[in-house]
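Line by line, the protein sequences are chains A and B. Residue numbering for the first sequence follows the numbering used here, starting at 1 and increasing by one per position. Residue numbering for the second sequence follows the numbering used here, starting at 1 and increasing by one per position.
Worth flagging that the hints you see were computed from the coordinates, not collected in a lab. We put the beta carbon where it would ideally sit given N, CA and C, even for glycine. None of the hints are false.
If you only want the chain B side, here are some residues facing chain A, beta carbon under 10 Å, derived:
(1) Q53
(2) M55
(3) M62
Pairs of lysine-lysine residues, derived as DSS-like cross-links and limited to a Cα-Cα distance of at most 25 Å, are as follows:
(4) A:K102 <-> B:K31
(5) B:K69 <-> B:K149
(6) A:K137 <-> A:K208
(7) B:K202 <-> A:K99
(8) A:K102 <-> B:K202
(9) A:K127 <-> A:K137
(10) B:K69 <-> A:K104
(11) A:K91 <-> B:K31
(12) B:K31 <-> A:K104
(13) A:K225 <-> A:K263
(14) B:K202 <-> B:K190
(15) B:K69 <-> A:K102
(16) A:K208 <-> A:K268
(17) B:K202 <-> A:K104
Distance ranges between label pairs, derived from CB positions:
(18) A:S222 <-> B:D164: 48 to 54 Å
(19) B:S173 <-> A:G81: 29 to 35 Å
(20) B:G172 <-> A:D146: 29 to 35 Å
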Amino acid sequence: MKYKFLVVCLAVVALSTPANAQGLVGKLKQKANEAASKALEKKVDEKIGIDDGQPSESTPSSSTNSGTSESRSRAQNKTGGGLVSTPPDVKSNLADADKSFKSKSYGQARYAIQQAMLGVEMEIGQKVLATMPASVKGLDRIAESDQVTSTGYGWAGLTIQREYAKGDQELRAMVANNSMMMAAVNMYLASGGYAQTTNGQQNWKHTKVKGHRGIIEYDDSSGYKLSVPLGQTSLLVWEGINFASEQEMMSAAEAFDIDGIMKMLGEK
Amino acid sequence: MLLNRTHMKKIFTLIVLSVIFLGTQAQDFDKNLSTAQTAYASGNLEEARFAMQQMLTDIDMMIGQEVLKVLPTKMGAHNANVANDNVTANAGFAGVMIHREYGSGEKLYNLDLIGNSPMVATINAFLSLPFVANSGDGTQKVVRISGYKAMLQKSVDEERKVTDYTLQVPLGSTLLTFTAPNTTEDEVIKLANTIPVAEITKLVQ
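Looking at chain A on its own, in the form it has when it is part of the complex (with noise of 0.2 Å):
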């Protein structure tokens, strides 16, 4: 009876501890977290097809299911022409923006414009791509990862990518414009980020394509990077892999019209 008592004493002044009840607090939200995250986890392996070893609930079974629970598994869809990926109309943006702006749509004009700078934005992009050459080196274009990517927001920029390769060797040609990285790229060119060491492995030097300033690096598992910025808001960057020597990545790069592509992004 004493010792009953004194366990129930002992649980009272445990529960009225602020301290303690805050930590039970965090053990029953930790509790409830594991618990989500186990049951999230069991949905998502269920959906890709993995099988934990442990019978599943979700499972028909035909001695517990009675017939009025749902059992059937979800159709898988075999068809569908996809999404139609034209960009958006400049023009009849421009107007719904004019109209929107003027009937004092503010939020509606907002959106008319930002569909109307994506559709200004893929057509940079393809332009710029025009100007890339078919093969570099020997390197045929793979045409189906040409890729021109915009938000239409402006400040999370535009970004082109073309690729080209041929047996193991492979060159990937990426134009970044307006992107918010290229503040952080000037600046660790300006600050010296990549100051040059005379001990150990030389992994990066500065170097000039065509005129233009940039920074070469190499890698022995990623191979090649050659990065140039193209003005105020753009960036270039290549990269090799399975390239022979500095020299020849150099000269990959030499391939491609430089100014032609600053031209085209309005970049001084």
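On the provided structure of chain A, position chain B as indicated by the hints.
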């Protein structure tokens, strides 16, 4: 009475200035629209794009001015310091920033709106997890302001022996923040409920 007259005069001046400002902004928008259309038609894509970025700034400034117009001129016993009203457009990066103050000194209340705020995702995540948002120590809780879910944070200044409150209301991608120093929870909720959140939401989205 004299104070009221001065206050009225300030509000009148603000209205006149707003009308002039909005007129100028509308002209800028029309000019940039015309530049964008001409540049695009002649194939000068980069110039068209730049003009459109300017148009976004013009729109953000207009939205900011419209929001200031719908905000109350008085919050509780505190008048709006309309001279410190501010609208900043950032050409899309953080969106428009709108600022208004009420009261003065120890009782200076700030009302800020930031478009495309990176904080919105975090606050929304908190609001969807009530057991996380309502902290056990009472410094943070979820409340409703004019029907919108909001996060109320309390901070106690031990030195000054006062309690300050910060209320954050996510409105789509815009974050409304109301800071009220040296007050009570009931008071801050009462004051926040005078903010026309629905009207603001309509303007910023």
